[in-house]
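J.: Chain by chain, the residues run as shown.
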Amino acid sequence: MNARDEILSRIRTATGPSPVIRPVPRDYAVAGAHAPGAPELLDLLAERLRDYRATVHRCTPGDLDATLAEVTRGWRVAVPDSSAITVPGAVADRPALSHADLDGVDAVLTGCAAACADTGTIALDGGADQGRRALTLVPDRHVCVIHADQVVQTVPELLRRLDPRRPLTFISGPSATSDIELDRVEGVHGPRTLIAVVVGPAGTTGNNVHREQG
Amino acid sequence: MTTFLGMPHAPRGVGQLRGDEPFPAAADKALADRQLRRNLGHATATIRDKRARAVAEVADWEQLRLAGEAIKAATMARLGEHLIELEAAVTARGGHVHWARDAVEANRIVTDLVRATGATEVVKVKSMATQEIGLNEALESAGITAVETDLAELIVQLGHDKPSHILVPAIHRNRTEIRDIFLRHMPGVDPDLTDDPRRLAMAARAHLRAKFLTARVAISGANFAVAETGTVTVVESEGNGRMCLTLPDTLITVMGIEKVVPAWTDLEVFLQLLPRSSTGERMNPYTSTWTGVTPGDGPQEFHLVLLDNGRTAVLADEAGRSALHCIRCSACLNVCPVYERTGGHAYGSVYPGPIGAILSPQLTGIEDNASLPYASSLCGACYDVCPVRIDIPSILVHLRGEHVDARAQRALPSPEALAMAAAAWTMAGPRRFRLGERLLRLGRLLARGGRIRRLPPPLSAWTAARDLPEPPAQTFRQWWRTRPGDGRR
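Those sequence lines, one after another, are chains A and B.
For the first sequence, my numbering assigns the number 4 to the initial residue and increments by one for each residue that follows.
For the second sequence, my numbering assigns the number 632 to the initial residue and increments by one for each residue that follows.
Don't read these hints as lab results, they were simulated from the structure.
Do not rely on the hints blindly, as some may be mistaken.
As the list claims (entries may be wrong) - Pair ranges (Cβ atoms, derived):
no., chain 1, residue 1, chain 2, residue 2, range
1, B, K660, A, V33, 44 to 52 Å
2, B, H791, A, D104, 31 to 39 Å
3, A, D54, B, D792, 27 to 35 Å
4, A, G19, B, S1008, 33 to 41 Å
5, B, S1008, A, D54, 35 to 43 Å
6, A, P20, B, G1081, 53 to 61 Å
7, B, G644, A, D104, 45 to 53 Å
8, A, S101, B, R830, 25 to 33 Å
Beta carbons are placed, not taken as given, at the ideal position from N, Cα and C, and that holds for glycine.
Turn these sequences into a full structure, and let the hints guide you.
T.: Below you can see the structure in the form of structure tokens.
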């Protein structure tokens, strides 16, 4: 018998001919208290991102270009090859930049697929404004634009917005480790600086506190 | 007995599921190491507080635990069907699925796959499954260098040490010890390196950067794999996982068969339970999911190795099978009063702590890890924190029963069985009992300061791990007769 058939046969023997399957109780919270894009969620997302040492900027759609230009001033910035989010002088990932090229840029600028306020999580799905995974991994700074309508409250809401057949990356703050005495330290192999630009309608841009990582 | 005896366990002589000595002997040495106890006490206290805060934020935590438990139980009941579905989904998306009956077969499959690429070095994402099967050693004997890229695994690998914790394999090391290991064993390290954790993390980044950018083959484990979509998930913090899962041409993932979950929506439960239980974060910094191969993005060759290695033997025991529900968060280690004092090495297996005490003996067969079910005070803290509600204390008791049953079948009864038989005989009649009580008082001769620390053989087995109180000068019956007033009614 080959390994596959043998393992499947062992499983059948182990579980017996008619295993009992109990229904899964799903009475945990799926939707949050706030609708996607609510001003409260933008505040919560900003707070949670900052709590894990991301830098957060708030702006309106009209201010976005100016904000990005200011944030990335003086940097060599890579962008996905067909992204609508860009800054003057950006290097497009076309043809695909080598790993060494990516290592040489100062920052990468992308959008996102969705974000979760409860956990301060940004999800990327390889969409046109996010590009392939290496692009948001190798550069040392990641500038990520989050639009209000992309912000949901809970983890279930986040996952239900995403297509699992696409390669997904969930990002909650800059790279970190708890491996030394179980204390969290930010900045290991992934981008050491995460800059989130949260774009909301006028009146929701709240306190634009800049918190650079120490 | 409920165990299906024909089901093969994890084979001997390969991998890391068995210790060199029983738990009490190994624990004795660990308890004498004051530095170890200080390091463990500090680290486990830190993480216990963080976990408690992260869990308290979630109003529906108990509902999530109940859902997690039920999803795992339902998955195990139809494990074969889910694995077949997973295989079909991964294959349809350009991945290759391999099945490995045990550690030996898994190591051979992975070694052959790496050889076929021509690479002599691979980068690795921290993975319990590959630790369990001893993959690094197997690759090494085939002339292939496996580079561990998780910071704690790197500390263990550089220090020629063994992992002692599921999440933080180097938890037994403090920052100064880690600095010293880096200074001694990390090529090109800054000689002025301090023990500031941030500087240590930077040293690891510099050490591994070139390897990530040039690696051709990566090996990972998996936290979850979704049967309906073929989506594999790795949960991590540092970005070493993303590097390995994204940059090389070939990715080989080794996954225990119990890691499959039926549906994508099941991840909405586990991605809430796991980070808060393990690192005490609302969400870990990075989670990657991928489904087969994506043209133009990430490895263009993907192999998924499905590993049994004793898991079907665990599945066959209805009373113990929920040990397979474990999502490797390590919360049970961090709250365990035994683990906090002995550390992970004393358990002898890559799975230490309460979960290891029920998982390792079931994977290997009880006779190969007979002391582990006793490595617990049965206080129940592990059950309280388990995000998928594994009733570890009940399984510990069940395995103790199995161990006793297994020994009862041997030709020679154990000293413990003899002692119990003698006690039963003594207690069966009042004269014998009185005589027994008198003999017990002889024990006073062995006592120092109110305690007996060592009994003569064969009773020494009892005092090897515990003291006995000094027997009282007077038995209850003697006291009854001599108490004021008339005892003889």
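J.: Checked against the structure, which of the hints given earlier come out wrong?
T.: Failing hints: none at all.
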